[in-house]
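Using the hints provided, position chain L with the ligands relative to the given structure of chain P.
Residue numbers (this note's numbering), protein chains in the order written: chain P, 6 to 595; chain L, 4 to 471.
Hints may be right or wrong, so weigh each one.
[Stated by the list, open to error] If you want the ones that stay clear, here's a sample from chain P, every Cβ over 10 Å from chain L, calculated:
(1) Asn13
(2) Glu67
(3) Pro72
(4) Glu76
(5) Thr143
(6) Glu147
(7) Arg157
(8) Gly183
(9) His192
(10) Arg205
(11) Asn253
(12) Phe398
(13) Ala452
(14) Ala515
(15) Leu539
[As the list claims (entries may be wrong)] Just so you have them, the derived chain P footprint on chain L, three or more residues with Cβ under 8 Å:
(16) 265-273
(17) 315-326
(18) 345-353
(19) 360-372
In short, the hints are calculated from the structure, not lab data.
As the structure is a prediction and not an experimental result, all values here were calculated from the model.
A virtual CB, placed ideally from N, CA and C, is assigned to each residue, including glycine.
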Amino acid sequence: MGYVIEVNGPIVRLHLPAATIGEQVRVGALGLAGEVIAREGDEAVAQMYEHTDGLRAGEAAEGLRRPLTVELGPGLLGTLYDGLQRPLTELRAASGDRIARGLDLPALPRARRWPFSPRLAAGARLNGGEVLGTVQETASIEHRILVPPDVRGELLELAPPGEYTVTEGIARVRQDDGRIRQLMLSHRWPVRTPRPYRYRDHAVLPLITGQRILDTFYPLLKGGKAAIPGPFGAGKTVLQQQIARWCNAQIVVFVGCGERGNELTDVLDFMPRLTDPYSGRPLLERTLLVANTSNMPVVAREASVYVGITLAEYYRDQGYDVVMLADSTSRWAEALREVAGRLGQMPVEEGYPAYLGSRLAAFYERAGRVQTLAGGYGSVTLIGTVSPPGGDFSEPVTRHTKEIVQTFWALSRELADARHYPAVDWVESFCGDVTAAARWWTTNVDAGWQAARAEALALLAASAELTRIVNLVGVEALSAEQRWTLEAAALIKEGVLQQSALDPVDSHAAPAKQYLLLRAMLDIHAQGMRALGLGVPVRRLLELPLLVEARRWKGHYGSEEVEALRARVASIPQVFEALVRTHQAPDARG
Amino acid sequence: MSIVEYRSATSARGGLVLMRGVPGVAAGSRVLLRDAAGGRRNGVVLRVSSEAVLVQVFEGTDGLDLEHTWARFLDEPYRLAVSRELLGRVFNGLGQPRDGRPPLIARERRDVNGAPINPTARAYPREFIQTGISAIDGMNALTRGQKLPIFSGGGLPHNRLAAQIVRQARLIGEEAGQFVVVFAAFGISNAEARFFQESLEDSGALTRTVMFLNLADEPVIERLLTPRAALTAAEYLAFELGYHVLVVMTDMTAYCEALREVAVQRGDVPARRGYPGYLYSDLAELYERAGRIRERSGSITLIPVLSMPADDITHPVPDLTGYITEGQIVLARELANQGIYPPVAVLPSLSRLMKDGVGRDHTREDHPQVASQLFASYARAQEVRRLAAIIGAEDLAEGERRYLAFAEAFEHRFVQQGEDEERSVIDTLELAWELLSLLPREQLTRVSEAELARHYKASANPSALAPP
Ligand SMILES: Nc1ncnc2c1ncn2[C@@H]1O[C@H](COP(=O)(O)OP(=O)(O)OP(=O)(O)O)[C@@H](O)[C@H]1O
Ligand SMILES: [Mg+2]
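Here chain L stands alone, though its shape is the one from the complex:
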């Protein structure tokens, strides 16, 4: 570790400091800075040459001058101290205690950047996680080791939904509470952070939770480190200690904005809407840290939460996220406005790993077909709704009116549920059949005749008894 301090800054702006005449600095290494007031700041080396070193300062450059800024270059990357004692602790965005307790005493400190998992070392996620939420379990099921974000918008209850998932997540046949939780927040308000803390406390999960908080009024550039610190903790808990870890990261949009801010200062060529071209790779480096590894008992299931600016799913943050994650849960304002919680829009939502985690041996044999039928029927119902809006519901054919009834029931009984309501996946499937039975039997072509014979509730729909 270098003990020499340098005072050779030649420029400082927008979170970046350029220093001259510092020999032998390694790219990516950690920097400790001291400002004129004696305050300590943290930085990392972005660029080195024989003449100059560019340092990114996590606390920002506000209040820095060139004359009294001292820098000490530590010859190592940014690291996080890890041990079992992580559980129950609260850290700031840089991984320093913010719970008033002393720093972790740990033998091991890990590079927060991680290293790419060899694809041959991965184990494919196949274990169904029951969240107790019908719109997720029934149609967009989550599996252990999956990365499944929540796409939301300002004012929508994404944090409540994430908290409910965290409280209720369990494997079938196991108790809730088998997961440990890593919660990373950046750019969210104090109130939102407190909500999470209390929700975890109420369910008794706080002692098996690690928190990394960088709130809305805290240094923006620090956010670039927060998810990395959190994922480093998660990796340690999962792959060293064998825990099943649920990681919630909110709000990814705030993270991306911080990245954009630094990119602009560095003069990086922008790709879309001012975001740098490497946003995809940067996000992938985070999201791909989720998963399972062969011969290791733990797992990392990742639930990033992001708000879509102007509810626009084509905005670079949701867009690039969707290109990396294994699906997405999309929340819709129309549903929320009707008082539906959770306001999950099932059609744009998707779980890519569902196909390997449901059905026989996982949940119930009919699950994949039922999900497929619900999607098809609800998509058809949406078309009928559009039509009804034009020509009026009275002018619809009888068969079409049934779709309207189905859509209503689907949204108000299947999607909607209580914030404390935990439905078993079997209850969810039974409910699905009850709703599907509102539709003419012969139109349910995505389920097999055998499944229809077993589950279709003819009484709900007397005309379906008679052959046409």
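Next up, chain P with everything else stripped away, as it sits in the complex:
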């Protein structure tokens, strides 16, 4: 037993001689939770996950002899946890509308019995990460009960099919060191230790999100890392929610880190009502939520992202493709800064400690596509938002993150102010995996994908250049071809890139629809160029009702109506042929 020496906000100094760095502590009469982050002689410095108001010097402190761990097993899906994996619904039942301190609640329901089907038989040789059996956790997700990664030995006994709670023994193992260990449907894992796998493999498949600016222009592979930086109100959270709703991963982990309470309420409201477009089941059945809202204690923010990524890795190890969304990684970095400041560590930039970059890199490194210990494949795709102060991308968190990620979806204030959503800036954004994505698009959608993408980006770049000219000398200075290029770029922006999350038809676009829409705009551009070459005045082209109609296609044709859209796109040349004909007929001038 130790005692409190000093209380300084979230940092407390304890007399706790045998403490280990990373060890969990319980402090004071309330049993506030915290973690040892430094040792000096007989003293330990701890960062507290809960507010320390009311704590006094001399109060008792206890080390728990274990690091921060999460409980892994059936019952995780559909649950909303706080940053320490306490279930918030149960917390409300225990302490009311406001979160009380010092409460310790089990993460997984203790009373619930799960139908277990064994896969192995007694006598089998067991390795860590192997599948002992399965539990149907939700209608769409089969939970594979894994041997904890640190267990090896001989399976002495495995429970028969039947219903078990997460704390009942279902297997006995004689470990290689001779000790007998009992296994359950659940096990614990320390959140700051990445879960092991056999090897890391290439990411090969794009994550399909149904968002055109992402999938078609700046794709992200399953197992990749992406960042969404942007000023306040630019649409980071909405974009992540869109990904959570529509992406073709099997499991989604959403970590609300230092953000708004109402946003989680929103998620909790819509998740049970919406269905997973791939399994047809309520979205909540494939989703895990971790929430440490901005008004909750700062230090637990840091814990929350590690809790989230460990949950993600656990489902990866079962062979699933998992997407982990963290909103916002800046709030987590700020928690690091706050603790560093209170410890008197030397700040290097805007108050951040020198280890900011390496912490971020190590965290993102937990993403990836792997061969699991059980021999299958799984992936964790990591998508973090960044909230740069003043929208300034040169600040430390954005800068470091940009160096780490493969895909960068930069949100712009200008686009958001003009209500161009998603406000993903097609100039600032990047993607390092276009070639890999192209293989998938070529096989599954159209061989012309990569060329079409490049052509569209070139058009957008050309139009940016032309806009600069127009702003200097007016549109009259442009040639007919240049004016048509401007119009085509506008078509791409309004008819392809803009995609409202609120549009019931267009909120999600299947890859085939994405490609057709882009193809259509490029065809219109090409056909118009041809018509110009045949002498049709650009004014005639700009008056075409087709241009208005094309802007409405995205909201008119749903993803199931791709064939109708295809037919409409196929008829584009006729519009231009008719125009050329009337223009060439001598009596039709005017």
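Chain L with the ligands in isolation, oriented as in the chain P frame:
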């Protein structure tokens, strides 16, 4: 409650007093100090150790010495007495009466720091509040339980706008005056405070208002407590008594400056422009106290007002506020200079909860589309204006000139309105259609064909009748 007084201060500066040899003090507890002149001051414990206790003094350390400063440590956090009798009262920044009436007789005293709401206990705000102001109702609608700040600048009419919102706020189909008002002012002038008081009095709202005032010439550190006291009152009125509470807090920049002052004295590592790294969390602890709670009938709608130093929206105070609140109403000096009231710059303004509070079942079916179209058209009009400034309006194409006319009409008829003018949301939408009808019909692609057929006023724009 401790009755022992200590006289063991070893240092005092910048609102902080360090005391030695005080046993068993709890972090965050309240302190009563007596200075050499016998004056009483209030403090709170920031840091404790077995040797020393650091106390923040709300009235500041001016006039304190070490020899004659006595401190009594109350074994409890700073609390506010709450009861129905809060209504109609005026308090100072620490929650003590400043209206000459006796302190509240209350059975309950609440920790002003509050406690975080469990996200599963929240109810999502969905009820549209009609403010009667077109720029807000039409394009940046407020909902009950939302936190929507006003970003302003020195000399702009933010207080007049806030007062107008307070006077006119109502749910559709209900009378105005269903809200009770908590008004917290820090760092504002006497004249500004009086303006509010009179405005509330004129509308008969004073009896359902609680005020917490810490004016410009009053102790700076006291401001750190003022919003907490005000929000504690609001929480009690909303979640115990079931009132719908509108909280106006002005000026948040003064609050943040006070926080910075103390942070510097404490030696906290600064993040941006001298503000401490925890400014975000500190503001979030305040703003997140707004909202709705399941199975409770009341609500807290929060309208913080802040002045942006040098009109800079990237300054840490507006910036961090914007990262926490559910949108922002931005006032623009260019508009104010043209005599436009309220000078709401709609493009940088945003209401994130609007999408759930307008449209069918809330206001009118076409509302979301109309708002989206207004944003798109006005953004386009701004581009055309920039172009016109370079090449001259005469050289614009005919279609582009229409945008200039639209922008003028939009600013002078839609945004601009009287300080006592209350427009119903239906009137606002009708006005919006009238203005949109100045534009070529085929360019209104954010509204559906069906809505166009119903609302587009072809007469305003004869050429739109003929197909191209
Ligand atoms: N794809 C979209 N479709 C439609 N509306 C959008 C879209 N993206 C953003 N918006 C609008 O922008 C608002 C702000 O978006 P969001 O809350 O995602 O911003 P944010 O970048 O997360 O801001 P903060 O950093 O403050 O949390 C939304 O409430 C919505 O009105
Ligand atoms: Mg957000």
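Going through the hints against the structure:
Not every beta carbon of chain L lies more than 10 Å from that of Asn13 (chain P), the smallest distance being close to 5 Å; the non-interface claim is violated. The beta carbon of Glu67 (chain P) is kept farther than 10 Å from every beta carbon of chain L, the shortest such distance being approximately 18 Å. For Pro72 (chain P), the non-interface assignment is confirmed: its Cβ lies about 25 Å from the closest Cβ of chain L, beyond the 10 Å cut-off. The non-interface label for Glu76 (chain P) is consistent with chain L: the shortest C-beta to C-beta separation is roughly 19 Å, beyond 10 Å.
Interface exclusion of Thr143 (chain P) from chain L stands, the closest Cβ pair being 19 Å apart, more than 10 Å. At roughly 27 Å from the closest C-beta of chain L, the C-beta of Glu147 (chain P) stays outside 10 Å, upholding its exclusion from the interface. Against chain L, the non-interface label of Arg157 (chain P) holds: every CB pair exceeds 10 Å, the least being about 40 Å. Every CB of chain L lies more than 10 Å from the CB of Gly183 (chain P), the least distance being 46 Å, so the non-interface label holds.
Remark: the non-interface label on His192 (chain P) is consistent with the geometry, its nearest Cβ contact in chain L lying 27 Å away (cut-off 10 Å). Here Arg205 (chain P) stays apart from chain L, with its beta-carbon at least about 35 Å from theirs, past the 10 Å limit. Against the 10 Å criterion, Asn253 (chain P) stays outside the reach of chain L, whose nearest CB is about 26 Å from its own CB. Once the 10 Å rule is applied to beta carbons, Phe398 (chain P) is consistent with being away from chain L; the minimum gap is 12 Å.
At roughly 32 Å, the least C-beta separation between Ala452 (chain P) and chain L is larger than 10 Å, which holds for a residue marked as non-interface. Once the 10 Å rule is applied to beta carbons, Ala515 (chain P) is consistent with being away from chain L; the minimum gap is 22 Å. With a minimum CB-CB distance of about 20 Å to chain L, Leu539 (chain P) clears the 10 Å threshold, and the non-interface call stands. Using a Cβ-Cβ cut-off of 8 Å, 3 residues of the region 265-273 of chain L lie near chain P, which meets the minimum of three, so the contact claim holds.
Given a C-beta distance limit of less than 8 Å, the hint that chain P covers the region 315-326 of chain L holds, as 7 residues qualify and 3 suffice. For the region 345-353 of chain L, the stated coverage by chain P is satisfied: 3 residues place a CB nearer than 8 Å to a CB of that chain, which reaches the threshold of 3. Beta-carbon proximity to chain P at under 8 Å applies to 1 residues in the region 360-372 of chain L; the threshold of 3 is not reached and the given coverage is violated.
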